[in-house]
Amino acid sequence: MTFLSYAYRVVSNFVFLGLVYFSLNFLEKYEQRATVAILILIYAAMHAFSALRSFYFFQRIERLEGETRRLASAAGEGPNSAASRKQIIGDVAVLRHAGEIKAYIDLFFLALVILLCVAKIVTS
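For the sequence shown, the numbering used here assigns the number 738 to the initial residue and increments by one for each residue that follows.
If you are wondering where the hints come from, they were derived from the structure by calculation, not from laboratory data. The structure displayed is predicted, hence computed values, not measured ones. Among the clues, some could well be false.
Computed Cβ-Cβ distance ranges for the label pairs, DEER-style [unchecked claim]: (1) 859 - 747: 26 to 32 angstroms; (2) 825 - 769: 31 to 37 angstroms; (3) 778 - 821: 44 to 50 angstroms; (4) 803 - 768: 34 to 40 angstroms; (5) 826 - 776: 40 to 46 angstroms; (6) 821 - 782: 41 to 47 angstroms.
Virtual Cβ for every residue (Gly too), placed ideally from N, Cα, C.
Let's have the full structure, built from the sequences with the hints guiding it.
What follows is the structure, given as structure tokens:
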């Protein structure tokens with residue numbers, strides 16, 4: 738299921754990249770192409786800022802995982818509660834890692850979109 742979510746993220750970002758490419762190539766006037774490219778750059782910058790901010794969030798979750806492991810070992814409750822805590826901590830770690838990979842995929846495609854927009858603005 739995780740790989741399916743990665744594939745969906747890649748396909749949706751690739752469709753967005755294709756949409757940007759074709760929309761910038763079909764505009765003949767430089768002013769229109771530059772305006773659309775600047776609007777796309779603004780959208781990409783906001784989306785990239787959101788993706789970079791999610792890395793800070795994932796870092797905080799990683800710190801909480803470490804604290805939870807430390808507190809769980811110090812609490813010394815029964816084996817059933819320790820096993821359930823380990824399962825929950827493991828699930829959170831997997832979800833955090835998947836979120837980081839998705840953010841990297843988003844940033845890669847946003848970098849391609851930014852390069853494409855800058856190339857279309859610079860060239861006539």
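Quick rundown of the hints versus the structure:
no., hint, result
1, 859 - 747: 26 to 32 angstroms, "27 angstroms, holds"
2, 825 - 769: 31 to 37 angstroms, "53 angstroms, violated"
3, 778 - 821: 44 to 50 angstroms, "48 angstroms, holds"
4, 803 - 768: 34 to 40 angstroms, "54 angstroms, violated"
5, 826 - 776: 40 to 46 angstroms, "43 angstroms, holds"
6, 821 - 782: 41 to 47 angstroms, "43 angstroms, holds"
Checked against the numbered hints listed earlier, the structure breaks hints 2 and 4; every other hint is satisfied.
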